[in-house]
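Kindly produce the complete structure, drawing on both the sequences and the hints.
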Amino acid sequence: MLSQESLQQIDREIAKYPSDQKQSAVMAALRIAQVEKGWLPRDLIEFVAAYLEMPAIAAYEVASFYNMYDLEPVGRHKITVCTNLPCALSGGVHAAEYIKQKLGIDFNETTADGKFTLKEGECMGACGDAPVLLHNNHKMCSWMTTEKIDQLLAELENK
Amino acid sequence: MLEIEIDGKPIQVPDGSTVMEAATEAGAYIPHFCYHKKLSIAANCRMCLVQVEKAPKPLPACATPVTNGMKVWTQSELAVKAQKGVMEFLLINHPLDCPICDQGGECQLQDLAVGYGDSKSRYQEEKRVVFNKNLGALVSTDMTRCINCTRCVRFTTEIAGEMELGQAFRGEHAEIMPFVEKTVDSELSGNIIDLCPVGALTSKPFRFAARTWELSRRKSVSPHDALGANLIVQTKHDVVKRVLPLENEALNECWLSDKDRFSYEALSSDQRLTRPMVKQGGEWKTVDWQTALEFAANGLKGIVRDHGPAAIGGLASPHATLEELHLLQKLVRGLGSDNVDFRLRQVDFRADTSRAGIPWLGMPVAAVADLNRLLVVGSFLRKDAPLLAQRVRQAAKRGLHVSAVGPNAEEWLIKVRHRALVAPADMVSTLAQVVVAVAAEKGLAVTESLAAGLPAQVSDEARAIAQSLASGQKVAVWLGSLAVQHPRAAELQQLANEIARLCGGVAGFIGEAANSVGGYAAGATPRAGGLDARAMIEQPRKAYVLLGAEPALDFADGVAAVAALGSAQLVIALSAFDAESLRETANVLLPIAPFSETSGTFVNCEGTAQSFNAVARPLGETRPGWKVLRVIANLLDLTGFAQGDSEAVRAEVLVDGKVADLDNGLGAVEAVPTAAAVGLQRVADVPIYFADPLVRRAPSLQKAKDAAVPLARMSAATAASLGIQSGDRVRVSGSGRVELTAVVDDSVANACVRVAAAHVSTVGLGPMFGELSVERV
Amino acid sequence: MSAHGLILAGVDGDRTWRLQDYVARGGYAALRKIIAEKTPPETIIAELKASVLRGRGGAGFPTGLKWSFMPRSFPGDKYLACNSDEGEPGTFKDRDILRYNPHTVIEGMAIAAYAMGCARGYNYIHGEIFEIYQRFEEALDEARAAGLIGQNILGSDFSFELFAHHGYGAYICGEETALLESIEGKKGQPRFKPPFPASYGLYGKPTTINNTETFASVPFIMNMGGNGFLELGKPNNGGTKLFSISGHVNRPGNYEINLGTPFSELLEMAGGMRGGRKIKGVIPGGSSSPVLPGDVMMDCTMDYDSISKAGSMLGSGAVIVMDETTCMVKALERLSYFYFEESCGQCTPCREGTGWLYRVVHRIENGLGRPDDLDLLNSVTGNIMGRTICALGDAASMPVQSFIKHFGDEFAYHIENKKCLVPPEVQYAGSQIYVSPSC
Ligand SMILES: Cc1cc2nc3c(=O)[nH]c(=O)nc-3n(C[C@H](O)[C@H](O)[C@H](O)COP(=O)(O)O)c2cc1C
Ligand code: SF4
Ligand code: FES
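If you read the protein sequences in the order shown, they are chains A, B and C. By our numbering, the letter at position 158 of the first sequence is numbered 164, and the numbering carries on one by one without gaps. By our numbering, the letter at position 189 of the second sequence is numbered 201, and the numbering carries on one by one without gaps. By our numbering, the letter at position 127 of the third sequence is numbered 145, and the numbering carries on one by one without gaps.
Incorrect hints may appear among the rest.
Stated by the list, open to error - If you want the footprint, here are the derived chain B segments under chain C, 3+ residues with CB under 8 Å: (1) 59-73; (2) 102-111; (3) 117-126; (4) 177-189.
As the list claims (entries may be wrong) - The following residues of chain C were derived to be distant from chain A, with all beta-carbon distances above 10 Å: (5) D39; (6) G82; (7) G135; (8) E149; (9) L386; (10) G426; (11) Q450.
Stated by the list, open to error - If we take Cβ atoms under 8 Å as the criterion, some of the chain B residues that face chain C in the derived model are: (12) A55; (13) N56; (14) K139; (15) F143; (16) N160; (17) D318; (18) G320.
No lab work stands behind these hints, which were simulated from the structure alone. Nothing here was measured: the structure is a model prediction, and the numbers come from that model. For glycine and all other residues, C-beta sits at the position ideal for the given N, C-alpha and C.
What follows is the structure, encoded as structure tokens:
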């Protein structure tokens, strides 16, 4: 279900915890699985749970509790914009509006070509860099002026 | 001990108590939802907030440890304000339509809302709606009503042993659910219905059947497994509508297995036998009782006259009541025969001549908590005795080391430390190895009479088991149904006794059925050279009195039983249900009352005799079995059948309501020559929802996962050697032959095929033990 | 980014986070000295107590005291956890510490492990800063390779294994027991206390949890002595502290200053008010601390006691500055949405109450407010506060109460006139996409 490389990464995470506490690696394992598959379908969650010898519903609890796991398919590029108050005071909301307009989608929607999904994010711990957005959960983009947004979207369009 | 004052009342409580426990002790009621005495503390509902001296905030009573000198007020202004505040929060998203809720009238939220809720809601926003979940055939959901107390989640994880429910998502979106598309399949699942304080989880079979206040409640005892769970049976117009646990800390605590809880549906099954019938010229005719009883009595008279009393045999189900079993053996003996038995699935009766008393668990059920070593021999523990297994599960969490010997290693949701997974034919030698190793560990000598036959080699598993047992202070060895049904059951018992002796512990029997102990107490076993259950089948009788059993499904070898009974001149069957194999073999069918419609007694595995009364009037022309037996005896002019009520019958068996001679002691057992096993061996379980005539006919239980059609299960190695894969159709041949679907299952010992008994699809295979061959079709 | 203070002193953007740079700045000297001299753990804890280092995670609990709660002679494993789950709106200091000076956290944790006898530690890193997590992993590799963490540290018999655990988007995991649950591979739902982590923490073992900045301060305290650190600040408020300034200022960012520095000076360091506009309100310690009117704030010094006297909390040191273009109803609406969204769902008052609060504020903002809504909000917050398992209930309530208290007129205007006191175009002008001149 997962590539050898992903499994190796998961094994490295498991090694961080006491040997009888494999479940501790579930967050990392779900993250690694999601990076490989783009989102977390049910059978993937079940696979991860079995790999870590934990109940499937316990893994599902985790996958549904933390915001950054996607339980539904998302576009190739998931863009999460922080609109929380500190960011909003420096244009977070405007940046989100701008992206909505450019892509023609609202929050929690995906463009027809399946390339972009837009999400509204909560505080990312980077309020000083507002507006900030997150590309595919792992890459943070700071001080997102309209020009920088144009540039980013253009780059991603072809990836 | 700690001193605490609750609402001005000083009391002493043990160290480590919580305020909630102290309040219960003091008789003060603190409202609560998430707290449950048998579950871990979650402290999430916040309903139990109380005022504690010096604490700036109200504290949850369920989670706050008592400290010495603490002062608590459960109804002060601060406490009540906090409780009311919580109640308001609980209600804002909860539907306020109690009249249409199935929990209406027995809802903790409804009850408390009356005292703590405000009449008018300040919440003007839209209420949350939560989609319902499919939890299977037994539990119905109305998840919008859920208050997220997580009792159900904690139950599955902590008591049932497997997390089948969780709380997914977070915040206001939190939802209780099983993993996507899964159901709750635990054999204890129904308890979450009782635990749910609101109407989120309700009984599917009971759904909208009645309102709680319309039901009359009577106490009863479960007729299924050997634990004897105590029941509250609720009826409306003489129909059983629902079964709930009657709390008994010594036995079922506050739980029931699903079998105990939902089998009542069969009581109103259309397969109930409601009128006496007689077969004439191959045709079944409904007759009146007088005709049927005279037919039966005259028939018996004729057989005695023509063939002598030994031509008569009495065969009873171990689920029959003590009173029925007693009158049956008395009737058979009154006719001059000693052929009577209730151990229909057993084949080895060598112990009968050397047992010291009545076989039993050897200890009280509640004493499981004190054990620190347990060896389980030949048992399907979890499905055979769900609540006993539950006790073992809890004890195992607190340090009980469990080991097992047998051909089956299916999931018990109990940590099994050591296991010898061996074919049935190797169980005796494996247990003998454990004896050798225990003796060595303990530096003690093995009883002389046993010493000769002991093996020289000890396997690693046997040694590990022995070391575990030898290191224990409180040790028990339990023989399960497979051990009892085993062709060398007597030797297994002897070895178990020896292990227990060497360890200073006890050996005992889990028990197959509700009256496995009671049958012995009632004397329903041959005493004076009469034939046992197996012999009565192998040496067919001219006449049989059959009590509460189905020939095809309730015997060690259904094929042989049907043949023997079918060839008899006369079979008088007393049964609550109509059944094909009864119609095939019997000449007269007498409808007798199931447990709910008669008074009676079951003696459970720990030897406690539990009597019960009828909770409903007999259906149709059904009569209590003990009365039917008494009348037949009267018609035969036998003496000693003048009992006016079932208590009088019971008084003939029990002294002061107790079973006198419980004793697992066993003298020398006559050896039998045993040929080395070749080929594949059968491993037969009696599936939980096919185990007796009542449960077989309970529609909702029949939809549960545990009621799936039996498969031919074998280990990967065995399957590979036969060129078989999961999903293949296979022909399994023993003395008979059946076609089944194969599945690879490494919980089955190598060189064995597990094929369940007690199911129409497998009856044709014949005996529960023995050699089989398997081939792909 | 400022280059003064202790933790941020001498660090120069992305270039100087490596082990060699840290060592060049005097890093790991404290750990080496402790190991070489076999400093008794009590001495370390005494130094810490003398420094009056107060936890930088929000509650301001004295760190030395916390460390002294760990059972000395516990036979089994003991754990250490670093809380880098910074997700409190307005707070972004731990990210910079890990980004620019990760080794000071590693050294601080190693010293803590030594002082409390912990054999294992985890740094729980906020989900959205994956790149920082990766950098911290690299720093751990460096430290491990140099024998500064792992088995037999610097050849001694002291061993301490340290790992990073990456969160994945849940503010509640910043609460210390939720954080432990999360490390255990569960959803982050806080535990009821007692028992406290010092007796029943990670995997049920004694555990101490501190904030990133708290650990980062430890090496400096060891080097300069407890008193030296204390003297940087003011009595009961020892040392320097990082302040994350965001909102309507010219140079948002992190500023490490001595505790007790006037707010006005901090504001000046941050370039003053954007566009020279008037200061309206300040949330001084992260979104859950009560908002203060601008003029009250201008009279405060930046330390625990002064802010607390003014009716708020220093919290995590996240200063959110709002100017006169801000609609306070909209500001509160966004914060209330946050707490509603981030409630873990475990306990009733928070699960049910945060949604109620948000919906009412949302209604007011959208012109559907009712006359008794403000009383309702105050009453609902009263029913949440102090009745929940963890402090998120309080955190969600304090903004509501303080916004109504200080800007009640604005709320009343909204309810009455179904519109905002601050015209929409003014609001828009004040909070447009803005890029600080310092970047
Ligand atoms: C809802 C909530 C969120 C919190 N978030 C954080 C956080 O992001 N970072 C942090 O260090 N402490 C946070 N805390 C405080 C921690 O529970 C804990 O007090 C702190 O990590 C202790 O470290 P300290 O003593 O060094 O401050 C939070 C507390 C609550 C109730
Ligand atoms: S379904 Fe019932 S038992 Fe389960 S959490 Fe909800 S209210 Fe509690
Ligand atoms: S009963 Fe105490 S919090 Fe639920």
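Do the hints match the structure? See the list:
With 6 residues having a Cβ less than 8 Å from any Cβ of chain C, the region 59-73 of chain B passes the three-residue criterion, so the hint holds. As drawn, the region 102-111 of chain B meets chain C at 3 residues by the rule of a beta-carbon pair under 8 Å; at three or more, the given contact holds. For the region 117-126 of chain B, the stated coverage by chain C is violated: 0 residues have a C-beta nearer than 8 Å to a C-beta of that chain, whereas at least 3 were required. Coverage of the region 177-189 of chain B by chain C holds. Counting CB-CB distances below 8 Å, 7 residues qualify, and the rule asks for three or more.
Chain A leaves D39 of chain C outside its interface by the beta-carbon criterion, the shortest separation being 23 Å against a cut-off of 10 Å. Interface exclusion of G82 of chain C from chain A stands, the closest Cβ pair being 27 Å apart, more than 10 Å. The Cβ of G135 of chain C sits about 17 Å from the closest Cβ of chain A, beyond the 10 Å cut-off, so the non-interface label holds. At the 10 Å boundary, the C-beta of E149 of chain C falls inside the reach of chain A, the nearest C-beta of that chain being 6 Å off.
With a closest Cβ-Cβ approach of about 21 Å to chain A, L386 of chain C is found to remain outside the 10 Å limit, as its non-interface label requires. The non-interface label for G426 of chain C is consistent with chain A: the shortest C-beta to C-beta separation is roughly 19 Å, beyond 10 Å. Annotated as non-interface, Q450 of chain C brings its C-beta within 10 Å of a C-beta of chain A; the closest such distance is 5 Å. Interface hint status for A55 of chain B: upheld, as the beta-carbon distance to the closest one in chain C is roughly 4 Å, under 8 Å.
The closest approach between the C-beta of N56 of chain B and any C-beta of chain C is roughly 5 Å, which is under the 8 Å cut-off, so the hint is satisfied. The restraint placing K139 of chain B at the interface with chain C is violated, with a minimum CB-CB distance near 11 Å, outside the 8 Å limit. The beta carbon of F143 of chain B comes no nearer than 16 Å to any beta carbon in chain C, farther than 8 Å, and the hint placing it at the interface is violated. The restraint placing N160 of chain B at the interface with chain C holds, with a minimum CB-CB distance near 7 Å, inside the 8 Å limit.
A cut of 8 Å between beta carbons decides the hint on D318 of chain B: the least distance to chain C is about 75 Å, and the hint is violated. At a threshold of 8 Å, the smallest CB-CB gap from G320 of chain B to chain C is about 72 Å, leaving the interface hint violated.
Violated hints for the displayed structure, listed by number in ascending order: 3, 8, 11, 14, 15, 17, 18.
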